[in-house]
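Colleague: Position chains V, Y and X relative to chain H; hints supplied.
Number of protein chains: 4
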Amino acid sequence: MALLVEKTTSGREYKVKDMSQADFGRLEIELAEVEMPGLMACRTEFGPSQPFKGAKITGSLHMTIQTAVLIETLTALGAEVRWCSCNIFSTQDHAAAAIARDSAAVFAWKGETLQEYWWCTERALDWGPGGGPDLIVDDGGDATLLIHEGVKAEEEFAKNGTVPDPSSTDNVEFQLVLGIIKESLKVDPLRYTKMKERLVGVSEETTTGVKRLYQMQANGTLLFPAINVNDSVTKSKFDNLYGCRHSLPDGLMRATDVMIAGKVAFIAGYGDVGKGCAAAMKQAGARVIVSEIDPICALQATMEGLQVLPLEDVVSDVDIFVTTTGNKDIIMVDHMRKMKNNAIVCNIGHFDNEIDMHGLETFPGVKRITIKPQTDRWVFPDTNSGIIVLAEGRLMNLGCATGHPSFVMSCSFTNQVIAQLELWNEKSSGKYEKKVYVLPKHLDEKVAALHLGKLGAKLTKLTKEQADYISVPAEGPYKPAHYRY
Amino acid sequence: MALLVEKTTSGREYKVKDMSQADFGRLEIELAEVEMPGLMACRTEFGPSQPFKGAKITGSLHMTIQTAVLIETLTALGAEVRWCSCNIFSTQDHAAAAIARDSAAVFAWKGETLQEYWWCTERALDWGPGGGPDLIVDDGGDATLLIHEGVKAEEEFAKNGTVPDPSSTDNVEFQLVLGIIKESLKVDPLRYTKMKERLVGVSEETTTGVKRLYQMQANGTLLFPAINVNDSVTKSKFDNLYGCRHSLPDGLMRATDVMIAGKVAFIAGYGDVGKGCAAAMKQAGARVIVSEIDPICALQATMEGLQVLPLEDVVSDVDIFVTTTGNKDIIMVDHMRKMKNNAIVCNIGHFDNEIDMHGLETFPGVKRITIKPQTDRWVFPDTNSGIIVLAEGRLMNLGCATGHPSFVMSCSFTNQVIAQLELWNEKSSGKYEKKVYVLPKHLDEKVAALHLGKLGAKLTKLTKEQADYISVPAEGPYKPAHYRY
Amino acid sequence: MALLVEKTTSGREYKVKDMSQADFGRLEIELAEVEMPGLMACRTEFGPSQPFKGAKITGSLHMTIQTAVLIETLTALGAEVRWCSCNIFSTQDHAAAAIARDSAAVFAWKGETLQEYWWCTERALDWGPGGGPDLIVDDGGDATLLIHEGVKAEEEFAKNGTVPDPSSTDNVEFQLVLGIIKESLKVDPLRYTKMKERLVGVSEETTTGVKRLYQMQANGTLLFPAINVNDSVTKSKFDNLYGCRHSLPDGLMRATDVMIAGKVAFIAGYGDVGKGCAAAMKQAGARVIVSEIDPICALQATMEGLQVLPLEDVVSDVDIFVTTTGNKDIIMVDHMRKMKNNAIVCNIGHFDNEIDMHGLETFPGVKRITIKPQTDRWVFPDTNSGIIVLAEGRLMNLGCATGHPSFVMSCSFTNQVIAQLELWNEKSSGKYEKKVYVLPKHLDEKVAALHLGKLGAKLTKLTKEQADYISVPAEGPYKPAHYRY
Amino acid sequence: MALLVEKTTSGREYKVKDMSQADFGRLEIELAEVEMPGLMACRTEFGPSQPFKGAKITGSLHMTIQTAVLIETLTALGAEVRWCSCNIFSTQDHAAAAIARDSAAVFAWKGETLQEYWWCTERALDWGPGGGPDLIVDDGGDATLLIHEGVKAEEEFAKNGTVPDPSSTDNVEFQLVLGIIKESLKVDPLRYTKMKERLVGVSEETTTGVKRLYQMQANGTLLFPAINVNDSVTKSKFDNLYGCRHSLPDGLMRATDVMIAGKVAFIAGYGDVGKGCAAAMKQAGARVIVSEIDPICALQATMEGLQVLPLEDVVSDVDIFVTTTGNKDIIMVDHMRKMKNNAIVCNIGHFDNEIDMHGLETFPGVKRITIKPQTDRWVFPDTNSGIIVLAEGRLMNLGCATGHPSFVMSCSFTNQVIAQLELWNEKSSGKYEKKVYVLPKHLDEKVAALHLGKLGAKLTKLTKEQADYISVPAEGPYKPAHYRY
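Chains as they are written, first to last, in my numbering: chain H, 325 to 809; chain V, 325 to 809; chain Y, 325 to 809; chain X, 325 to 809.
Next comes chain H alone, as it looks inside the complex:
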């Protein structure tokens, strides 16, 4: 795909796969709106006052139908938006087309190369001469990373003229990042510095991105305020858990049509994502084995009747392997060689380094047979036995299915909208320093409350006496910060 920016008739930039899918995208967006009561309530509550008037928002987050409803909520509140995906396989092309046509500048398509991916990220951050965005919606932290690396390089360059050297790393993706910055230095040696200065803050969607932010906070290198949306209860205990409970089997079914009942499923990691995955597999009739490093999570797994064993102990008995750890090197090529013929290997947790894709791809004599996009059978030469890898080791629910369903994403994205509003409203108040913040409990509870009506749930009200008895306001917040739900 030639990396040329296109423009709508109204002059808005975009680069998507197929603009003719915009109508289809619009129909699905309309269906999704009915399933996303939190976002629609934000439009109703905040739309009239246009709080984002003048705000430029860059998003780096899976360009799906659900994200489309998020984007159009941001624009409905007055923002101008540029968007890219945070994963090379996660874009739904009809969603991208509809948004590109109707609402925001989009640079995203399903099946980007890594080079295309970083080109898209750069496009989304490029608001023209006036500098970068005011706000960032990030997922996994790539937009944030690019700015931080850019600023670092510009500082080095200012100091001593050093230019980043892509060959200094053997991480292919980081080579691309350094390449982009190197090019940028030639054009404007203060590009990222100006960007950072303009930036009000970022709201980060997911565990991995949040971890990066806390590390930067700890190192004192964080360049702007950040709101950790991931750790809103209505995000991590819903999207991560119930979203994956839904989308793991969805991805497995669409990619392989395999019967889950009767199979042995191995879930690496029993955090929120792993809990959702294990529940899904168990409910579908699989026997589930979990691996864990954390004894508390391991003990939780046992209480649900799951077996807890290291991968090594069971690798040749398992039919379906799922990584959810947020760590690297979980399933190595040596494990894969010991697996049953046609064992399914996939990742729903993090980057494609949970699975040793590099080791697999470079294994001598290995043969890759693409059944269909995102579904590959890899055959080892010695055994002639194959394994099926989904989405090339990347997030299989986004690569092989359509990600999490609208309703649970409405919880997550309502947190995003509220976080963006908070950053924007407080941009001059000094409330937020260059630190990582979590949204206050009452906003978290508000997000939940906005989603109950759609499901027919009715809350019980505390009387004044009861509220006093347990020492909480009758209207909430109801729980101490450390409450675990």
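Derived from the structure by calculation, the hints contain no laboratory data. A few of these clues could be false.
Note that identical chains are pooled: a pair holds if it fits in a single copy or bridges any two copies.
[What the hints assert, rightly or not] DSSO-like, lysine-lysine: derived pairs with alpha carbons at most 30 Å apart: (1) Lys778 / Lys691; (2) Lys535 / Lys785; (3) Lys506 / Lys518; (4) Lys782 / Lys759; (5) Lys606 / Lys759; (6) Lys506 / Lys380; (7) Lys788 / Lys803; (8) Lys691 / Lys535; (9) Lys341 / Lys434; (10) Lys652 / Lys765; (11) Lys788 / Lys341.
Modeller: Leaving out everything else, chains V, Y and X in the frame of chain H:
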């Protein structure tokens, strides 16, 4: 699509959507073979002796990847095969292409019109001058129906020259059947009579077809022996139950991406199919309401914590409606008008008359918005509220997803192979009269046994003393005929 | 306990543990009545016409609170009743006391010796000079056995004066049976013969008893008509399945207070009882392993995510062993020696020979430590490791808890009442020969229907058109005889 | 029961129901030890060094078999112990007897009056002339309360001679507390002041007690350091959740034998306790309705397929009511009057004021029928309809069954031992101020780790590279403080 038969280079007839998908179909067939141990065991056990040498088999059964493995098992055992689908939406075009190219005469594509459907059925039955097939694999009984109606018409015609009158019925589909027979009478007034005379028997796949057979047996109109495969335990208690438990959520997810958790699901009917559907919805986090006419099934539902209420009592509270009854007129257009906006309505049980599609289509002012194939939003003019109907009211798991997964279909289809073998081997023995038979228990147990190894299950062996104590042979069969599992 | 019959002030015979518990029993009987809608409906429907007027009914069935409601339903319909328990541990003494005081002749207490047990059985069958009962309610077939063995002995005696020799068998229990008959021959050499002649028939409650009846039918030795209540759907698919799902954890908790979550449970047998047990253990958070001889049941287990392996493969990994097979020699003393310390071993299926109690009791140096009644720790001398055996290997739900709950027993016992009515009403019609019969489907459906209202379930009604379409009467029965539910 | 202290032959004080049950208690304690690996590991690890040498520990915590193992762990580590129960119904008399005979001073029996209860509490705190205990293990905070109220009264008395006036409150229980203090002032006007001065700290077991502590901390009235054991993950996410999942059905079954399947269960509150209760009822086949004030918890309930509605909306449809809120006035007598006949009402959350026992007891004309201890049927005069109240509205799992099982209590109590060790070891370091503390994450993880082996679970080890990649020590702790599990 012009209804012209095409031919492979080897001269075999076919009519499929796109022959270029044959390679893709072949890859998926190879994956499915690993998941269908019963069929592969049949090839190993019976292949060398070529028991179907000389047998012509016509199949009318969803032309999916799994069926492809069935067809190639029949040909591996020596049969010559012609095939059509038994549902206008259920064909997987890549499966059809691979089989048409490599193994058998196929007349099937996804999205046939009713007229095309019956044309395909007729083609599959047409073995040229020598008469029809020796054996039929039927699903729903349409091939059997066509022969019975044909013979009836030929008898009438012979008696008094009467020709069937399509306008004598207001059932659109039956009009087409009568039209075909009417044309056939012009060409050969003994065509179906000769076909019936040649026919050794039929093995029938599903509840609805079996019901038709028992009615014909009761009326004394059954023209050839029939084996009821549906009521093998390894069929009805597996395919119907566990197959639907898998494929209902699969179809819902692919068609609508809707979050099932938190929703209210209504399952009409709590037979094997309904039990599978209710289990799937409950496990996915929905609240499930069941309707039943049979107090025993209703009481079973209550024991699983399900609410049992008539549709009328809950129609406006439900998010997802699923019909599984095998009966007609379950969800009428008047129900649909009272549903929530974007309620999902689908059928996994039987024909498209479980849902009042006719009433919906002809409702004054109703508007149909096709989101994507098999997913339509129907908007009522008065309320401007819409419902989402899947697969035009036909089997949603086959229309919106890929039907049941290979493993459970291996159970069903191994029964089919065994039934076909039984009919063929006993064709001259007089063992089977013009009646409906169920396979003997020991064959049912054999089918199950062939599927255990793949799942790592190991049986316990009875000692001689134990076998005597409970008065069964140590090697089975283990249960009396009336045992319910 | 001295085996002396006592009499109420009204002259009715009884032998119970403690008459002072009658008030407590009465209170619990009143609670149970609310939970047993089927039995109460029988009283309402049939009570006024007193159909059992003149009928003498002997019951041999666990003398629990639920059975008390059954007995008082029989008496409310006009019968005179004598009762014993069919298990030495299953009597609830307060239930026995209340019935003895208020309604029927009872001979039963918790913790009978085997000798006492057979004395009670004999007492229940002894209606004085006029011969035995008109009808028998049997559970496990002991009352039926005693009559059959008695008649056999009397025929031998008449033929050649032979008297049964208890020492001819090494089955301790059968020695007692022969002893009783031997004594009886001295008093009245035609006692059982006269009993059999008077007997209208028996209705049998459970799988084991039914198996005996079918064997006698097959051998041509059955002496009177029998109705197989066990195989009513509303019995075997409810009591056996949902009853055990309830009462297995109940018995485990009361006997051992052990946490089920996290444990490995082994269920021998996956019939209706095994299915209920496995479901209960899985739901409580145990990991469940099933053993099976029947490949169909084994395949069902795999579809529910259960591991299927022989006992030998897992004996040292399991925490809780449960036998449900209806067969003998399932868990042998050599297995027990390999078990974990404090592994729990129990039987919910059948007689105490599922577990090798004899081998355990006679193992050299084994030490029995009674924690509390029905809960023994057995310590092996070599390992100093112990296992915990419940209810001495007999039915643990009745020995360690209170058996199945009232509601599900109402289903079973309503079948009993209907079966007894059927036998009695047809006593002179010749409808029932000396064979085993199952109740017709419409009565089975009626039993279910009587239990729906209590649970708030409402049936859907078939229209005339729908009923015709599926060829059933609108008011049922709805299913063919072979339907498996 | 005359309130006289008795003495063992060795001179240790006690007051229990029946010393002859000590052997039975000892047998069950030995069984429990096998199920409590965390406590046994503490004995192994810390026993040899006798860290509690010289420490006097008072416990106010349900005197059960599990607590017996806790007490004997404390004594095995060198402590001297006095104990009372924290609930009038929760003592297991055989456990109390065994401990009283063998290990510690116990003042507790099942079925204390409130007056007896507070006498026991006072006895447990009375270490003779040398002042009170060094450490307190508290559950619900009654021991802590008595000291705080005592000190407050002694300060008042010192200031102006005021003596507390029991009639100043209409809370019956608080009247007793004031009465005890009033009497104490006569004997020693500095008794509680001296007690507080000696006290190193308290470790508190449960939500309600912790809430009191945080309130005192907020008010600045907390008199000594406190460790909040409840909010260890290995306590609140295990004992509260999995403990109740086990013990709610246990209590229901023992108290009422009612079939749970098919019933409608109402769970007030969906915190950890409510989640466990709802899961248990759902798994047992009930239909579950939840009430919540907190929208987040409510949304969690919907994701599990539970209906969320206020009590008022469903009060007449429910069969089993369970309160788990930790609040008061949840089920009022006016609700009870609208319930179905024989609806079951119980509390597993907190004090007996979740249920309006006062309103029930004083309802004009209401009739109480005691079925058996802790199981009462209350009949309203107007409707003649009754409800069944368990454990007089107090904790039903302890009143009607034996509380939580050993394994999960081992998690909780290992936290207690570690907390007590921490307080004692740091008694002079100043580490703990008069505040409420939670145990550090690594100790929480240690508690979990100690319980994995018993269940056969094996942890996966992080490599150095992986640990670095996610920035945690390879040996833990693995999670940030705010992680919710």
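Colleague: Hint by hint, say whether it matches the structure.
Modeller: Here is what the structure says about each hint:
no. : hint            : result
1   : Lys778 / Lys691 : between (49 Å within a copy, 25 Å between copies)
2   : Lys535 / Lys785 : between (37 Å within a copy, 21 Å between copies)
3   : Lys506 / Lys518 : within (16 Å within a copy, 73 Å between copies)
4   : Lys782 / Lys759 : neither (37 Å within a copy, 38 Å between copies)
5   : Lys606 / Lys759 : neither (40 Å within a copy, 43 Å between copies)
6   : Lys506 / Lys380 : within (25 Å within a copy, 70 Å between copies)
7   : Lys788 / Lys803 : within (17 Å within a copy, 37 Å between copies)
8   : Lys691 / Lys535 : neither (36 Å within a copy, 49 Å between copies)
9   : Lys341 / Lys434 : both (8 Å within a copy, 26 Å between copies)
10  : Lys652 / Lys765 : between (32 Å within a copy, 24 Å between copies)
11  : Lys788 / Lys341 : neither (57 Å within a copy, 42 Å between copies)
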